[in-house]
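Put together the whole structure using the sequences plus the hints.
Here is how the chains run, residue by residue.
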Amino acid sequence: MRVQCLQENLARALSLVSRAVAPRTATLPVLTHVLLATDNGRLKVAATNLEVGVVYWIGAKVESDGAITVPARTLSELVTLLPADKVDLELNVRTQTLRVQCGRTDTTIKGIDAQEFPIIPSPGEQPLARISGSALKKLISQVVFAAATDESRPALTGVLTKLDGERIIMVATDGFRLSKREEKLLEAITSDAPVTMLIPAKALQEVSRVIESEEDVVFIHLTASHGQAMFQTPRANVVAQLIDQKFPPWEAIVPQRYETRVTINAAEMLKACRQASIFARESADMVRLGIHVGEDLEPGKVTVSARADETGENCSELEAITSGKSMEIGFNVRYLIEGISAADSPQVVMDLIQPRSPAVLRAIGDEHYLHIIMPMNLPGSNPT
Amino acid sequence: MAQALYRKWRPTSFDEVVGQEHVTQTLKNQIASGRVGHAYLFVGSRGCGKTTTARIFAREVNLAGLPPDDPATQRLAEAISEGRALDVIEIDAASHTSVDDIREIRDRVNFQPTELRYKVYIIDEVHMLSVAAFNALLKTLEEPPPHVIFILATTDPQKIPATVLSRCQRFHFRRVPAEKIVQRLRQLCEGEGIEADDAALRLIARHATGSLRDAVSLLDQLASSSSGAITAADVREALGVTEATTLSQLTEALSTRNLAAGLDALQRALDQGADPRQIARQWIEHLRTLLQLKLDPTSAVFSEGEHAELQAQAAQLDVEQLTAAMRAFGRALAEMRFADPQLMLELGWINSVAGATQPSPSPTAPIRSMPPSASHPHPAPATHPMPSPAPRAAKSAEPAPASSAAESSAQLTIERLRTDWARIISGINAHNKPVAALLRSCHPEKVQGNTIYLRAEHDFARERMEKAENKESLRSYLSQAYGGKYDIHILASATADEPEDAEQDPVLKAARRLGASARRKS
Amino acid sequence: MSWESVIGHTWATQRLRHALARGTLGQSLLFIGPPQVGKTTLALTLAEALLAQDARGQALIAQRKHPDLLIVEPEGANATISIERVRELQHALQLTPMESRHRVAILADAQALSLGAMNALLKTLEEPASAAVLILTATSADALLPTILSRCQVLPMRPLPRGQIEAGLQARGASPAQAALLAALAQGRVGWALQAWRDAATLQARLQAINDLLRLLSEGLTARFAYAEQLAKAGDAHIRAVLQTWQLVWRDVTRAAIGCVVQAGAPSYGETVRRVAEGVSPETAAACLQRMVQTEVFITQNANARLALDVLLITLPRLSYGVEPLSFNASESEEHRSATTVPAGGK
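Going down the list, the sequences are from chains A, B and C. For the numbering used here, add 57 to where a residue sits in the first sequence, where the first one is 1. For the numbering used here, add 202 to where a residue sits in the second sequence, where the first one is 1. For the numbering used here, add 24 to where a residue sits in the third sequence, where the first one is 1.
Please keep in mind that the hints were generated in silico from the structure rather than gathered at the bench. Do not take every clue at face value.
What the hints assert, rightly or not - With a cut-off of at most 20 Å between alpha-carbon atoms, the simulated SDA-like pairs for lysine to any residue come out as follows: (1) C:K147 / A:A205; (2) A:K303 / B:I291; (3) B:K382 / B:H409; (4) B:K669 / C:T324; (5) C:K147 / B:W211; (6) A:K303 / C:K89; (7) B:K648 / B:D661; (8) A:K195 / A:R224; (9) C:K89 / A:D170; (10) A:K303 / B:A279; (11) A:K382 / A:S414.
Said to hold, decoys possible - Using C-beta positions, here's what the derived DEER-type ranges look like: (12) C:S351 / A:T154: 44 to 50 Å; (13) C:E28 / B:D272: 53 to 59 Å; (14) B:Q205 / A:E208: 18 to 24 Å; (15) B:D358 / C:S29: 41 to 47 Å; (16) B:S368 / C:H262: 50 to 56 Å; (17) C:H262 / B:T621: 42 to 48 Å; (18) A:A309 / C:R46: 37 to 43 Å; (19) B:D272 / A:Q183: 37 to 43 Å; (20) B:K687 / C:A261: 22 to 28 Å; (21) A:G181 / B:D272: 41 to 47 Å.
Quick reminder that beta carbons are idealized off the backbone N, C-alpha and C, glycines included.
This is the structure we're talking about:
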């Protein structure tokens, strides 16, 4: 292999694939490496940790074809320090070493045979679906954070992704909250039946990273074995292993009615929540929301309060548009903050039924986002 | 790739749970009358249906009152049965023993269930929790939110603090009787199209000792790998048990004190694939039957032919021979954990013959009690016994005799140790959780000088505690806590080593003669 | 690493192949047998059957580098498998495979799992993801939680008969004499035999231990105590290895003294055993064997090694004649000489 490329392109490629590199404690040494391979006149840079694989192509002058893997960290650290100039890469097949020449620097890095690198499948001819980069980014940012981070229930560490006709829906839940967003695909999927897959939340974060421009069109593929999902942008391909588990039946959780509706300024609400959170640490992050429905034409209000026996207490009052009946309800304040922030809207709506039923958060003017938070048991309000 | 049968055939309703009607009926009544508790403790040995019943209970209690034919109800039922309902949470306490794990549960119980009436926490192997974790759990059990039900399951209720016990409704699960296991296996065979002899199923059931999962697992294994109908011979092969003829050959060899014939019989059994441990267990069982017949010829119930055959075997041996052989093999079985099992089996045989031939002063270890200097009653012509090595030994190291070392640090008494035991465990838990977990299965038995004898509840704990680093961890903790230096001795749960054993050990005896005192390496 | 290349264990391989062919292979398997009997080799062979699709896949499995193969072994000073390693494994196993239709995890020496790790594993063994196959190996069922056993399909693997090891070594290119001697000294552990065949030092160490024993048989107490002093310094692992080798030889001596069939395999080895047995009564032989085992147990339990070895060497009978040391070269030349005079299989 003999290739010439630009330092900034190589640095960018290494940075984009870096999070798919396995930690140094990985059992297979080759997973701590990046793959460099020529591919139809371009240079392919790839990494995988057996959960997600990221492939990135950069323009290069290919003099002869070939492939090698080299330690990701070593190469990244080196390339960032090289001058913004042309970089010459040359593989010595016999010694499996990579020579990196740039300006007056000449480096040799020991590699591992590319044969040992796991095969990252290439996208097939026909994609399952196409979606705009901006729509996919928004899907990911509004859903992924609600997935569970602990592994005790593996299904919950994934994001349920369903493609049906012209729609794509993503859902994630950790058992205490649920986030859902729906988007339109650029055209109907090429499969006759709807496709459902459970994608690791971490893998979707990588997908979001490789969408370089809002105008990018992303092709979604499913491998022939249906074991991997692929997200292909003009210059990158992210391959996610799927979680081989069943997702809980989430539709049943979404309330179909409400008794109380609150419309509130998101920024003010976030500020109130952040203040209350200081005093909620002792009580498992619980804050109390008081919803006061105004009489006739009077405006309604919402109070956000928390108290800690040792630290003190805090209460903020906010104006809000309220309807239905007044109530007190407890929430985990961290979940409230995350749910409202993700709505990414100046005004949010909260629909409530009663203090023990799921609460629904929506963004005004964007009916595609839906967030559900389970209330907490308010001390002293136990019906016996 | 096939799903395990015990998983595929896991009961999904109370009525399918085998052999626990006393539990399922009560639970059904509670649900029907709406008197459901907030904390349950399911106690019983492994594989008898605790977790399965807990899952069914979680489902039934949540579906009670819902229209059974409604698709929404059915979807919920299915999700709970498949273990993917958000509100039914299974936790394995053995790998979540810490107080932080329990605090997380405590914080999370405050959340309302997402779709079910009750959030159900099923905590398996709950006896593995640390003391601090139990305390954290206790607070939640005292004032559980109204929407939460805890089901704690354990094989070992002894280790659950009384404060926790008193807050739970307790249900005892029984070992499943063999004939019910056979019935269930028969059902499975019909459902799966597996052909199996009755004798094979009976043998499986007998070896499962009350654990339905063990039985179904074995059936699964046999069905997956055999081509025709499963026979008793297949089961024997899989279990590594030997045929009855091996046992009668051994009996014959024992009665004629024919060492070679016995060793050859054992070798044949091993060559046919039998497992040394299984052979030892079977042989001990066989000897017990013969002894029983000898003491009371009408006692056991066998078929006519069997009875006559066993009677004839029993007649060949006297009580002395039988008991000596049982002791020798009991010992061999216990030592198979530390040494080559096949070798131990053969030595067990040699000892049973030798033990019955020459009554020895130490009944537990006939051969071992032969003088180490090899002054044998029948010395072979070319063998020259070693002269007594006393002179050399006198020159070697002269540490204080064992007894005086013991007196120097005798302030730790067994009473003190027993009173402080829980505290010691939690102290050790702070820096060495695995050892603390093991010590929960060990109890102070006696203190002799500076030697502490702990009784392990099961072989597993004993074996683990025997490890040098684990002993050292306890030893150094005790030294810090009480001063002095201690020796730790772990005793097996039931039959094996008594503390006196150490005194009878020939190495120590010989050592005493050599003028040394036995010390353990530290 | 095809099925045909597995030495011995036909019972186990037949069952696995049969289950594979019928699609009835369980997802949680447990291979139980003594160390170096071939458990990991069989596990890798099964992994190859499940994973490898081409020569590259086969090569990667042989090198233990296949992306869909996870191998967890005891590690660290305590040689344990921690709960963290089990959690990593569980994380990987619930994902779909990278290149194959399965993800295979081999947990070698599962008895080294910490108590917490064993418990953490129960759920995975009971309800593995649909593509996952777990293969546990262990030296003894007693060292595992009963709840692990009842969740696995168990395959017992016994030490191999000497003849099978001999044939297996010859099939791999060992000379008949080499194969016979290695098989005689292997204690049924085919893994040891293969290692000793490739690595002369492994064989030398065992021969050395045997020859030391043969020498000591005709030596007096002074020489024996000097030997004990030396050996005691060598560390517990080495002492145990020596004691195990002595047990191997002495078991055959005892059997010969009692008058049992001894399948010696190599004529030179059979001759050595017969020579020693001539000078020892059955009772003395048995007592000494017992002491050898007991000494190993004491060492395992951290007793004073020096003292235990002293007592063992006192128990060791003294022969009035010397026994020729066993040597590799000698055995080779002897083979031609003795083939007609000493029937293979000892007395």
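Status of each hint after checking the structure:
For a cut-off of 20 Å, the pair hint linking K147 (chain C) to A205 (chain A) stands: about 19 Å separates their Cα positions. For the proposed pair K303 (chain A) and I291 (chain B), the alpha carbon gap of about 15 Å is at most 20 Å, so the pair holds. A hinted pair counts as satisfied when its Cα atoms are at most 20 Å apart, and K382 (chain B) with H409 (chain B) qualifies at roughly 14 Å. Between K669 (chain B) and T324 (chain C) the CA atoms are separated by roughly 9 Å; this keeps the pair inside 20 Å, and the hint holds.
Of the pairs offered as hints, the one joining K147 (chain C) and W211 (chain B) holds, with about 17 Å between alpha carbons and a cut-off of 20 Å not exceeded. Distance restraint check for K303 (chain A) and K89 (chain C): the Cα-Cα separation of roughly 29 Å exceeds the 20 Å cut-off, and the hinted pair is therefore not satisfied. Of the supplied pair hints, the one linking K648 (chain B) and D661 (chain B) holds, its CA atoms being roughly 19 Å apart against a limit of 20 Å. The straight-line distance between the Cα atoms of K195 (chain A) and R224 (chain A) is roughly 14 Å, inside the 20 Å bound, and the hint therefore holds.
A threshold of 20 Å between alpha carbons decides the hint, and for K89 (chain C) with D170 (chain A) the separation of about 12 Å falls inside it, so the pair holds. For a cut-off of 20 Å, the pair hint linking K303 (chain A) to A279 (chain B) stands: about 15 Å separates their Cα positions. Among the hinted pairs, K382 (chain A) with S414 (chain A) is consistent with the structure: their alpha-carbon atoms are about 15 Å apart, no more than 20 Å. Separated by about 46 Å at the C-beta atoms, S351 (chain C) and T154 (chain A) satisfy the suggested range of 44 to 50 Å.
Roughly 58 Å separates the CB atoms of E28 (chain C) and D272 (chain B), a value that falls within the hinted 53 to 59 Å. A hinted range of 18 to 24 Å holds for the C-beta pair Q205 (chain B) and E208 (chain A), which are about 22 Å apart. Separation of D358 (chain B) from S29 (chain C) is about 46 Å and conforms to the stated range, judged on CB atoms against 41 to 47 Å. Checking the proposed 50 to 56 Å range against S368 (chain B) and H262 (chain C) shows it holds: the Cβ atoms sit about 55 Å from each other.
Checked against the hint of 42 to 48 Å, the C-beta distance between H262 (chain C) and T621 (chain B) comes to roughly 44 Å, which is consistent with it. Judged by the Cβ atoms, the range 37 to 43 Å given for A309 (chain A) and R46 (chain C) holds: they are separated by roughly 39 Å. The beta-carbon spacing between D272 (chain B) and Q183 (chain A), approximately 41 Å, falls within the hinted interval of 37 to 43 Å. Between K687 (chain B) and A261 (chain C) the beta carbon distance is about 26 Å. The supplied range of 22 to 28 Å therefore holds.
Between G181 (chain A) and D272 (chain B) the CB atoms are about 42 Å apart, so this pair conforms to the stated range of 41 to 47 Å.
The structure does not agree with numbered hint 6 stated previously, though it agrees with all others.
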